[in-house]
Every structure is written in structure tokens, then in C-alpha cells.
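Enquirer: Chains as they are written, first to last, in the working numbering: chain C, 99 to 345; chain Y, 3 to 177.
Derived from the structure by calculation, the hints contain no laboratory data. Be aware that one or more of the hints could be misleading.
[Unchecked claim] Chain Y regions said to be covered by chain C (calculated; three or more residues, Cβ under 8 angstroms): (1) 16–26; (2) 131–138; (3) 145–157; (4) 160–171.
Positions of the beta carbon are idealized from the N, C-alpha and C atoms, including for glycine.
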Amino acid sequence: MTSMAPPPPALPPPSGGGVVSRRPTQLRTTTASGSVKLTAEDRTDVLVEKGGYAVLLDDGTVEVRTTKRSSSLEVRCPSGTDVVIGTASGGVELVGDFGTVSVSSASGSIRTGRVDVADLRTVSGKVGVEECRGRCRVSTKSGTITVTGAGEADLSSVSGRVQIERVDGAVVVRTVSGSTTIGAAGAGPVGVQSISGSIVVRLPPGVRPSIRSSGRRRVTSTCEPGDDVVVDVATVSGSVDIGPGSG
Amino acid sequence: MPAEQPPAEVCGAIVFTDLVGFTEFTAQRGDAEALALIAAQDRIVQGVLPAGARVVKELGDGLLLWFDDAAEALRASFDLHRGLESEARQTGLPMWVRVGVHHGHALRRGEDLVGHDVNVAARIVDLAGPGEVLVSEATRAEVRDRLPELCFEELGPVVMKGIPQPIRLFRAVPA
Chain C
99 MTSMAPPPPA LPPPSGGGVV SRRPTQLRTT TASGSVKLTA EDRTDVLVEK GGYAVLLDDG
159 TVEVRTTKRS SSLEVRCPSG TDVVIGTASG GVELVGDFGT VSVSSASGSI RTGRVDVADL
219 RTVSGKVGVE ECRGRCRVST KSGTITVTGA GEADLSSVSG RVQIERVDGA VVVRTVSGST
279 TIGAAGAGPV GVQSISGSIV VRLPPGVRPS IRSSGRRRVT STCEPGDDVV VDVATVSGSV
339 DIGPGSG
Chain Y
3 MPAEQPPAEV CGAIVFTDLV GFTEFTAQRG DAEALALIAA QDRIVQGVLP AGARVVKELG
63 DGLLLWFDDA AEALRASFDL HRGLESEARQ TGLPMWVRVG VHHGHALRRG EDLVGHDVNV
123 AARIVDLAGP GEVLVSEATR AEVRDRLPEL CFEELGPVVM KGIPQPIRLF RAVPA
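Chain Y with its partners taken away, still in its complex shape (with noise of 0.2 angstroms):
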């Protein structure tokens, strides 16, 4: 019998992503409304994802997200939002997207992704705002100056529940 293979540890950005609203919108508008809305958001983010990133998976109307470099999962953060605009604006439905990336370790088992920088990376996406792009201080100190088109604004140290120390986080914004 072969020696059980310990899991591969991999390091980079973890996004998790949530419609907001999405529970009263299916409520409002029925269950077929709301499944082209997450067809339409996986036709994004499908769009939108580069190289090196995938779909870990589908949590409801949530998704969480691999890539392998943090610059790539903003710029597709933005690329996201841009995506559920646009489908917004023709719907003429209310839609957002609110989004927590943290860059760090996770250890795979199978396809999933388990850890504590993706417990951490769940807690921010819990804080965000619609249509918010929030990261860690790890991510915008692995991306440093490599996005000039966006900006990081403070939003402080965040107690948040399960996780021992305060993070730092950042609301990404357009420059």
C-alpha cells in the first residue's frame, strides 16, 4: 500500500465573493430569476479569471476563488464588478457583488482549499460592503506597487471572530 501523500501546500491570494441580496432577490423575483443571475455571474467571473486562477467553489450565491498572484485576483475583483454592472444596468436590477481577498497558505485536499488564510479571507469578506473590494494588509503588501490604478484606503485593525490577532484591512479602490 503506497505512503499516504501529505497535502500540497500552495501560496496566494483567496477571494471570497457574495451576492448581496441575492436571498430577497430570489424571494422578489422566483427561482428562475435567480439562477440567471448566478448564470450570469459564472459567465463573469469566467470571463475574467487569468491563468493560474480557478473556481475552488460555489458557496450558493458565493464563490471562493484561487489565483496564484494577488495583483491578477484584484484586477479581477474589478473585473467582476464591472461584469454585474453592466448586467445591472441592462437588467435594471439592483446587483452587486461584495468581495474579501487575503493572500497567504492553504493546504489542497482534493479541490478545495482548507486553512486558516482562508478561514481569514471568509471573516473579510463578511465586513465588505455591495459593490466593496476589501483586503488584508498581506495583500496589499504582495501587490505593493503594482496596481497604479488602484488605491488602498485604512480601515484599521478588525477583531474578527475566530481569528486570534486583529487584521488590517484595506478597502481597494480605483485611483
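With the rest of the complex left out, here is chain C (with noise of 0.2 angstroms):
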């Protein structure tokens, strides 16, 4: 009733490690506290090089299982490869191309190369995204987050900073302490949140932007008003200042 029907008995390679040698559908893996590291390659099969070994289920996943319930794990994969990720305080580095990407963490860090689609979770860990083609979704509490580029942004923190370098599309943020800085391509709306954060939004030059803000602090904004994109920001406290950015 409370948790995962445990996994059908496979033992592991004396060694540890382990290949599995196909693509899988999907990669999953849990860890207690070591840390996972990830890498997508030009390659066809799964392999394990440290802390653990695979096992292939019958719905075509591999499932990534440690030999301790400590253990840090390093395994190689195909690019492009979806994976599932649990750890409760070991960080996550996923290197190269990925498909899409889930990650859930009390405390570790997660950093992510290029992506798909992004859903990345942690309690107090920082988050870094390379490039998420799609949607990226991060929820933390005191981490940082920081992404370079993503098709489209769905972002929390409670006293984290946010910083998206580069949004095409859509984009909220949610927080309560952290800062926001948004480099918005401005082909989406803009939806910023916050109680007592400081908000920072860069639109291509212009751009001119339809401001509302229903929050208690006034707007300052260096940018032509217009109807090119909808920029909505709600703060308690923190200041708001909305302006192009270099191009």
C-alpha cells in the first residue's frame, strides 16, 4: 500500500556493472545516497561501469539497480534514451543528449546536458540545465536554478534564484525569496510570480510588451508598450523591472 512492489529477484555481476545490449525504451534508476552520473553516447546498449548493474524488464526498460544501497552509480546509455531518476541526498549529472528526463531529489543537485523534456525535482539541491528542447518543469526549495535555453519554462522556488538565459516560448515562475532574471525570446507570455523576490525580464529589442501586473509594486519597464507579448508579474515586495535586452 505505501510503496513500489519490489523488484523481481536478479542477481548482480560479482563486480558490479554490467551491459545490457539493447536500446531500452526507458532508463530508471534509485539511489538512497550515492551520486548518478549519466552519460549519452553514440552507442546501442546500456552499460554500467560503476556501482551497480542492469536489468532488462519485459516492457523493454532497463532498470539501473545498485549493489549498495549507498552506492554511486556511472552508466552509459544510447543517445536520446528517457530516464527515470530517484535519489534522496546523491547528486544527478546527466552528460550529452537525453530524451525525456524526470529526476526527483531531497538534497542533491541535478545538472542536465541537452534534453528533450525536463521535469527535475529537489528539496534543497541546486538544478542546471544545458538546453531542454521542450518543456522544462524544476520545482526546489532553496536551490538555485539555472537554465541556459528551453523551448518552453515552468519554474518554482521558494528562496532559490531563478535564471533562464534564453525562454522561446511560454514561461512561469513561481517564488517566494529567490530572484527571477528571464531572457525571454518573447514568442510566449510571461508569467512571474513572487512575495519578495526581485524580477528581472529582457525581451528581444523591439519587442514591446503588454505589462499587467497585479501585484502592490509598481512596474518599471524600459520597453515600448504594445501587444507583441503578454508579460504578467505579481510581487508583494520585490522589485520589477522589465526592459530589452542586448539582442
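Take the two lone chains and join them into the complex the hints point to.
Expert: Structure (C-alpha cells):
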């Protein structure tokens, strides 16, 4: 009633490691306290280099199991692999090009390379996303969130800072006290809500935003008003600065 | 002297809620506005609780709720979100609640509930972001196809502090 069904029994190779010689439909792993490093590269199998062993399930999913409760894992997989990772305190690093990525951690940091879709959450760790081609969802309580590029973004943080260097489409950010900086391409609506965090929105030069402010602070904008893109901001006490970026 | 009765075991949906940023809101706006916010939440919660549900206890700005039925718990969670969003539009203030739902067993201790599944539900809400409703696999299994208006996006197996086995979590979202 309270937990996942126990995995089917499987014996690990004596030295750990192991190969599943086919492309997985999905790669899943769970660790209690060890770190997880996944490298996506030009290959067709899954290679566990350190800390665990791979099991191919009936549905084509490859499950990487740790040899000890707190093992650190290092795994290589094909580019474009979908991954699901759960950790308690270990950091998660995804190197290379992945498909849909879901990572949950209590306190570990999360860092990804290029992904199709990201759904990342950690309570206290920081999160970094190099490039998310589709929707990028991130939730953290106290860690900072840094996204270099995203198709769409839905980010929330309590006290951590949020920085998106470039988002092509719609973006929604919610923070309590963390500051927010967004570089928006102006092709989708921008929504930012905060209680006390400062808000900075940069738009391409020449884009004329329709600014809606439902908070209690006056908005400072150096953009010519228009209806090219909706920018909706609300904050109780943080400053709001909307202006053109460097292009 | 009568023999002591064993604690009654109940089975249903355990829901934890948490108002995000309440501490900061109180610091910014003062005690009176914070109290008004709590009162608004109380009013909304009382309005969305179906028969068989109750507020087990208040936890500062959060609540522990009990529902006989997991589907009713999810409906009420989204009604609570909508109520708070409406309140936020009227006041112009950011206001979010996050919700964790777990279906399981608990022992009654007076009006309170205790047990492993209560602890699991409390851990789930810790992982929820503002405006999110996160549910355990047990909750999703209990609801099955009774809520066509919702879909469940898997977050994966999550390791939680003090809980020996990973819990498979889902985000409930409107379909």
C-alpha cells in the first residue's frame, strides 16, 4: 500500500557493472545516497561502469540497481534515452543528449546536458539545465535554478534564485524570496509571481510587451508598450524591471 | 476498570497541504493579513470538504485532512487550488498551496491520525512545488479511472527521508 512493489529478484554480477545489449525504452534507477552520473552517447547498449548492474524488464525498460544502498552509479546509454531517476541525497549529472528526463531528489543537486523534456525536482539542491528543447519543469525549495535555454519553462523555487538565459516560448516562474531573471524570446507569454524576490525580464530589442501587474509594486519598464507579448508579473515587495536585452 | 480499547484503524486518503511562502508573507504584510489569509484558506477548505472528510489538525499554515475516498480527496485538492487562485486574483497577491496525497491506513489517536502512511503523505507534500498536487502510486491505484478529468504524470520512484522503500510519485494535472 505504501511503496513500490519489490523488484523481481536478480543477482548482480560479482563485480557489479554489466551490459544490457539493446536500446532501452526507458532507463530507471533509484539510489539512497550515492551520486548518479549518466552519459548519453553514440551507442546502442546500456553499460554500467560503476556501482550497480543493469536488468532488462519485460517492457524494454532497463533498470539499473545499486549493489549497495548508497552506491554511486556511473552508466553509459544511447543518445536520446528517456530516464527516470530518484535519489535521496546524491547529486545527479546527465552528460550528453537525452529524451524525456525525470529526476527527483531530496537534497542532491541536478545537472543536465541537452534534453527533449525535463521534469526535475529537489528540495535543497541546485538545478542546472544546459538546453531543454521542449518543456522544462523544475521545482526546488532552496536551491538555485539555472537554465541556459528552454523551449518552454515552468520553474518554482522558494528561496533559491531563478535564472533563465533564453526561453523561446511560454514561461511561468513562481518564487517566494528568490530573485528571478528571464531572457525571453518574446514568442510566448511571460508570467512571474513572487512574494519578495526581485524580477528582471529581458525581451528582444523592438518587442513591445503588454504588461499586466497584479501585485503591489510598481513595475519599471524601459520597453515601448504594445501587444507583441504578455508579461504578467505579481510581487508583494520585490522590484520589477522589464526592458530590452542585448539582442 | 474497563479494558482499554485498541486504537481504531481507518483506511482512506491522507492529505497534507502547505501554504507556500506563508512565513515570508507574514513578514512582509504583517500578522493581520497573515491571519486573514489563514481564515480564507479555512473558509475555502470547509467549502470543498465532502461528506466523510475532515480537517484532522492544523499545522501552522498547513493542514492534515482525511478523506474516506481518494477520488474525493483529489477533487477537493483541485477545488482548494481553484479557491485560492480566485482569492489571489481578488487580492492581487501571490498565493499558492501545495498538496500531497497518499492512500493508506492510519490509527486514530483521539481526533488525530498516526502511522507510517501518515508519515509518507507528509513526505510527499515536502516534494510538491507551488500549485502542485502530488500523489503516491497507492493513491493513483485507488482512484484508477474514476477521475477522467485528471491525468497522472509520473515523477518516478522517490527516496524519502525515513521511509525505507522508494515511493512512486505522480503529479495529478487536469486532463
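Enquirer: Of all the hints numbered above, which does this structure not satisfy? Sort the numbers upward.
Expert: none
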